[in-house]
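Chemist: Required output: the full structure, derived from the provided sequences and hints.
Number of protein chains: 2
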Amino acid sequence: MAGYVSEALVRRLPAYYRHLQSLEAEGVVQISSKDLGERMQLTPSQIRQDINSFGGFGRQGYGYPVRELREHIRAVLGLNLEHRMVILGAGRIGRAIADAAVFQADGFVTIALFDSDPDRMEATAQGVPVYGTDQLEQLLPGMYVTVAVLALPADAAQKILDRLYALGIRAFWNFAQVDLKYPRDAVVVNVHLSDTLYTLGYRMQHPDSL
Amino acid sequence: MAGYVSEALVRRLPAYYRHLQSLEAEGVVQISSKDLGERMQLTPSQIRQDINSFGGFGRQGYGYPVRELREHIRAVLGLNLEHRMVILGAGRIGRAIADAAVFQADGFVTIALFDSDPDRMEATAQGVPVYGTDQLEQLLPGMYVTVAVLALPADAAQKILDRLYALGIRAFWNFAQVDLKYPRDAVVVNVHLSDTLYTLGYRMQHPDSL
DNA sequence: TAGATTGTTAATCGATTAACAATC
DNA sequence: TAGATTGTTAATCGATTAACAATC
Numbered sequence: 002m003a004g005y006v007s008e009a010l011v012r013r014l015p016a017y018y019r020h021l022q023s024l025e026a027e028g029v030v031q032i033s034s035k036d037l038g039e040r041m042q043l044t045p046s047q048i049r050q051d052i053n054s055f056g057g058f059g060r061q062g063y064g065y066p067v068r069e070l071r072e073h074i075r076a077v078l079g080l081n082l083e084h085r086m087v088i089l090g091a092g093r094i095g096r097a098i099a100d101a102a103v104f105q106a107d108g109f110v111t112i113a114l115f116d117s118d119p120d121r122m123e124a125t126a127q128g129v130p131v132y133g134t135d136q137l138e139q140l141l142p143g144m145y146v147t148v149a150v151l152a153l154p155a156d157a158a159q160k161i162l163d164r165l166y167a168l169g170i171r172a173f174w175n176f177a178q179v180d181l182k183y184p185r186d187a188v189v190v191n192v193h194l195s196d197t198l199y200t201l202g203y204r205m206q207h208p209d210s211l
Numbered sequence: 002m003a004g005y006v007s008e009a010l011v012r013r014l015p016a017y018y019r020h021l022q023s024l025e026a027e028g029v030v031q032i033s034s035k036d037l038g039e040r041m042q043l044t045p046s047q048i049r050q051d052i053n054s055f056g057g058f059g060r061q062g063y064g065y066p067v068r069e070l071r072e073h074i075r076a077v078l079g080l081n082l083e084h085r086m087v088i089l090g091a092g093r094i095g096r097a098i099a100d101a102a103v104f105q106a107d108g109f110v111t112i113a114l115f116d117s118d119p120d121r122m123e124a125t126a127q128g129v130p131v132y133g134t135d136q137l138e139q140l141l142p143g144m145y146v147t148v149a150v151l152a153l154p155a156d157a158a159q160k161i162l163d164r165l166y167a168l169g170i171r172a173f174w175n176f177a178q179v180d181l182k183y184p185r186d187a188v189v190v191n192v193h194l195s196d197t198l199y200t201l202g203y204r205m206q207h208p209d210s211l
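Taken in order, these protein sequences are the chains called A and B. Numbering-wise (the working numbering), the first sequence opens with residue 2 and increments by one. Numbering-wise (the working numbering), the second sequence opens with residue 2 and increments by one.
Since the hints were derived computationally from the structure, they do not count as laboratory data. Not one of these hints is a red herring.
Any copy, or any two copies together, can satisfy a pair, since identical chains are not distinguished.
With a Cα cut of at most 20 Å, we get these calculated DMTMM-like pairs of lysine to aspartate or glutamate:
(1) K160 <-> E138
(2) K35 <-> D180
(3) K182 <-> D163
Computed from a prediction, not measured in an experiment: that's the story for all the values here.
Modeler: Laid out in structure tokens, this is it:
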């Protein structure tokens, strides 16, 4: 089904984007499914299936054009749009995200942070302002943000999500170690750091598992 | 195949552990596949298949004992062992990980950080020391660490991994935005933050995709 | 005992791999 | 043209769901 992006492919898309970016930086202009597969640790067959679902990028006998393909995937991921973000929680994680140039380069710009601790109101190193969480309802409507980053304790996350949803936010990047409840029209992507650490613990004991 | 943990289940294991932990904290002593499935957003059928692969925890007519099951999964994940870690890169991410109590509670203890920038040699807020990366070969053997956290720029990560592998480290928790090469007896778990952000970008445009 | 819920087999679904004709 | 490599169909594999007998 051309145009349809399977759930499995959605998960691989960032890796495609990342590898095509480095290939482009290396000056590679075209690549075969065989070579790309080697680089990404995927079978050539899978690469062809995946890329084919975007439509006709390939040229028989030659391979795929790196730049075109990267640009297309960039658009599919929505990285050409500007995504304005607020960060809930002005601890180390929150501040690190606010100031990280990598995310800004991909269109995710932090407008402000919010924290309930009066001792944390100092702006970030890059000058992003921090406000009190009690000012959320007052300030957020004027900020025109579409994404909220949840960088606060697990027990505070659900309540804040509900408040933000009520204010119109529909996309959440969640760093709190908890599975949140949310309406069907919201999108939540979790970064459960402990989960990845547990996986490491498991794989250390079962090194042949992959 | 009892005893065999499928790759798909390995990915779900941290979520099982997390949910069983909260259930235990709530005082729930036993739970049915139906209720646990509702909570974890999995079908009861899948819950039964999953848990059954650990052996006979269930009791027909009653359900599963929460504490026993949580303890078993904890052991499967290797969280009863102490894992001594060093962190490469004493930036904000590195320091945040070193001081985070959550990871220590699960047995992952940071012994030291290493950085190549002389301006970053100050110990962390919790008093974990920082050393120069040039001292790695000298200091690491006496630290008895088994895990290395890569919290440094993408272009430095591969070289450091190679050095650490030569020093006997076989487990890596990688925060650098790059896919690393490593021998088959090493284990690398990636935390590609940008990747999760790309996924968010995609899902914001395709909210019905899940 | 009757009701609830597991353990387990069979059916289904989706994703990956293999194969090869089409074609640049 | 000959060689390389895609696009696409078919075969395989693995994971999920459905169903129900076993049993607490």
